[in-house]
Every structure is written in structure tokens, then in C-alpha cells.
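Quick mapping for you: the protein sequence lines, in order, are chains R and C. Going by this note's numbering, the letters in the first sequence line up with residues 1 to 144, in that order. Going by this note's numbering, the letters in the second sequence line up with residues 1 to 147, in that order.
Just so you know, not all the hints are guaranteed correct.
[Said to hold, decoys possible] Straight-line alpha carbon distances no greater than 35 Å define the calculated DSBU-like cross-link-like pairs of lysine-lysine that follow: (1) R/Lys73 x C/Lys69; (2) R/Lys73 x R/Lys10; (3) R/Lys10 x C/Lys69.
[Stated by the list, open to error] Sample of chain C residues lacking proximity to chain R, with all beta carbon distances greater than 10 Å (derived): (4) Leu27; (5) Ala31; (6) Ser75; (7) Pro81; (8) Gly105; (9) Gly107; (10) Arg112; (11) Gly119; (12) Leu133.
[What the hints assert, rightly or not] Simulated DEER-style distance windows between Cβ atoms: (13) C/Gly34 x R/Leu125: 22 to 28 Å; (14) C/Gly105 x R/Arg6: 45 to 51 Å; (15) R/Ala104 x C/Trp83: 24 to 30 Å.
Keep in mind that the hints were calculated from the coordinates and are not lab data. All residues carry an ideal CB built from backbone N, CA and C; glycine is no exception.
The residues making up each chain are set out below.
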Amino acid sequence: MPRLARLYVKTAFIYLLLALAVDALALMRVPGPLPWAALRPTYWHLFLVGWVTQMIFGAAYWMFPIVGYGPTKRGDERPVWVAWFLLNAGLVLRTVAEPWQARAAGPWPAGLLVAGAWLQWLAGLAFTWHIWPRIRGWYRRGRA
Amino acid sequence: MPRVSRWYLRTAWLHFVLASTWGALMLTYKAWPGLGAWVWRLRGWHLEAMLVGWVAQTILGVLFWWLPKLPGGVSRGPTGPVWLAYGLLNAGVALVVLASWGVVGDGLRAGRALEILAGLAFALNAWPRIRPLVRARPRSTASEPSS
Chain R
1 MPRLARLYVK TAFIYLLLAL AVDALALMRV PGPLPWAALR PTYWHLFLVG WVTQMIFGAA
61 YWMFPIVGYG PTKRGDERPV WVAWFLLNAG LVLRTVAEPW QARAAGPWPA GLLVAGAWLQ
121 WLAGLAFTWH IWPRIRGWYR RGRA
Chain C
1 MPRVSRWYLR TAWLHFVLAS TWGALMLTYK AWPGLGAWVW RLRGWHLEAM LVGWVAQTIL
61 GVLFWWLPKL PGGVSRGPTG PVWLAYGLLN AGVALVVLAS WGVVGDGLRA GRALEILAGL
121 AFALNAWPRI RPLVRARPRS TASEPSS
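Based on the sequences and whatever the hints tell you, model everything.
Below is the structure:
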């Protein structure tokens, strides 16, 4: 399993635990600065973006057909690195800024929220840029 | 990767790119409501495309590719039901999205029905393939105890 795939899969597991922890605290109605309902979108995105999407990215990077160039024959890996950084930076920003904006709207949480949104979007584009040519039949030498 | 899986996965990735674009716009709206309330009308599309168009379709595309082949190890089984599932699933997503805008009156139920039928059609191919990998049995040798 290549290093990048391990990074994606391990990060995904961390988000799974975080998402479940947020939901468990909400279900227990632990008193906090926010109504737990305000954290529903955060829970869903920790789960679907942090866990599911990141796991799909890691598995796809690892298992999809190789294209025959680059150090691991998986093509240019730079967009996959970029996608990992952007996805996680965006998700962390969103996780902080969305409840903050709900609690006390202002230019700071608003700016961070918008940054988080578009960083995640750019991550999706970067990974798609890498994976699109690998959604193909198996690579055979001389028939790339 | 078989052709039908390529169709599933490429379509899933298109759903993902669109759904994440709508998601980013919706989050921007939360920060800057001046963007216009029209953005919130994308919510139905965002949810449906993410959950069914992206996640479910990716899983199905990979399943067709990775599940064990039928006994004999050559064939993944008939692709007719898998293509049918592809059509039904994406038509279902489209109907649910249109229903979320009020364009199609009863589109939500019809769309969900198409998605359920897609799952059943896909299972026709996948169910018999959910089994242990069968390898050729090694020849017995004279030194092995007879039973």
C-alpha cells in the first residue's frame, strides 16, 4: 500500500472517530456553548467528506489501474498531495467556522467558512484531475 | 477495469464535482447571505448527488469490478442488469433533484422507486458473485494421508 494511500486512509479513520464523537455528544445532550442542532451539518460533513470521501480517494489512488508513468506508475502524484492538504485544511476550517458563524456571525468566521468551502472544492478538483485518466482498462506496456 | 465500471465511476465523479460545487456555494451563502437565497435551492441536488450519485454509484462501480468472478473465473456475469441499474440510478437521482425544485410533482417517490429498482437490478449480477474465491485444488500426493 503506497504512503499516500496510507495517509488518506489513516486520516479518514480519525474523521470517523471525530464524527461519531460529535454525534455521541449531541445524543447525550452534553451542555456546551452551542445548541447541538447547530452541529448537525458539521457531523454530516466530518462523516461524508472526512471519512467516506477521503476513504474513497485513498482506495482509488491505491487500487485504480496504473497509467505507467511516475515513481509508482500511478501518474503525477502532486495533485493527490495537494488534494489531501486542501481537503483537510478546508474541513478543519469548516468544522471550526460553521458553528462559530452560527453562534456569532462576523467577518472572521464568515471569511474562514468561505475559505473552508472553496478549499474543499479545490481538493475535489485536484483529485479528480489525477484520477480521471486512471478510470480506464488495465495498462499494458506499449499500449498506454 | 471493465467498461461498465468506468461508466459508473466517471459518472460518480461528475456527480461529486457538481455536488461539491453546490456545497461550496451553499456554505458561501451561510457566510454571505447577499449571494441570494436561490443558492439554497441547490440543497436537494447537493444531498442526492453526494449520497446516491457519488457514494452509492462509486461503491457499485467498484463492486462490479472487484467482486469474485463466477465459477470458472472468467466471467463477471451478465452486464445487462448492471447497465439497467446504471440508467435507473441516474434517472432516479435526476427525478429526485427535479422534485426538490417542484418541477416534477411526484418525482421524489418515483425517483426513490427508480433507485430501489437500480439496487435490485444490480443485485441480480452481484449476489451470486458474493462468495469465496475458488482456487484450483492442488493435486493430492502419495505422501498425504488418505481419508
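Holds or violated: is the Cβ of C/Ala31 farther than 10 Å from all Cβ atoms of chain R?
Not fine: 4 Å to the nearest Cβ puts C/Ala31 too close to chain R.
CB of R/Ala104 to CB of C/Trp83, is that within 24 to 30 Å?
violated (52 Å)
Notebook entry, point to check: Does the hinted range 45 to 51 Å hold for C/Gly105 and R/Arg6 at CB?
Noted result: Because 49 Å falls inside the window, the suggested range holds.
Task: Given pair status - R/Lys10, R/Lys73, alpha carbons within 35 Å - done: holds (23 Å)
| said: For a C-alpha distance cap of 35 Å, please report whether R/Lys10 and C/Lys69 respect it. | reply: holds (30 Å)
task: Would you assess whether C/Gly119, listed as outside the interface, keeps its beta-carbon beyond 10 Å of every beta-carbon in chain R?
output: holds (18 Å)
Verify this label for me: C/Ser75 is non-interface relative to chain R, using a Cβ-Cβ cutoff of 10 Å. holds (17 Å)
The output says C/Gly105 does not contact chain R. Does that hold with a beta carbon cutoff of 10 Å? holds (28 Å)
Cβ separation check - C/Leu133 to all of chain R, threshold 10 Å: It holds; C/Leu133 is separated from chain R by about 17 Å at its closest Cβ, greater than 10 Å.
For C/Gly34 and R/Leu125, compare the CB-CB distance with the range 22 to 28 Å and indicate the outcome. holds (25 Å)
Run the C-beta distances from C/Arg112 to all of chain R and say if the shortest one exceeds 10 Å.
-> Holds, because the least Cβ-Cβ distance between C/Arg112 and chain R comes to about 19 Å, which exceeds 10 Å.
- C/Pro81 and chain R, when compared Cβ to Cβ, separated by more than 10 Å: holds (22 Å)
Violation of the numbered hints given earlier is confined to hints 4, 5, 15; the remaining hints are satisfied by the structure.
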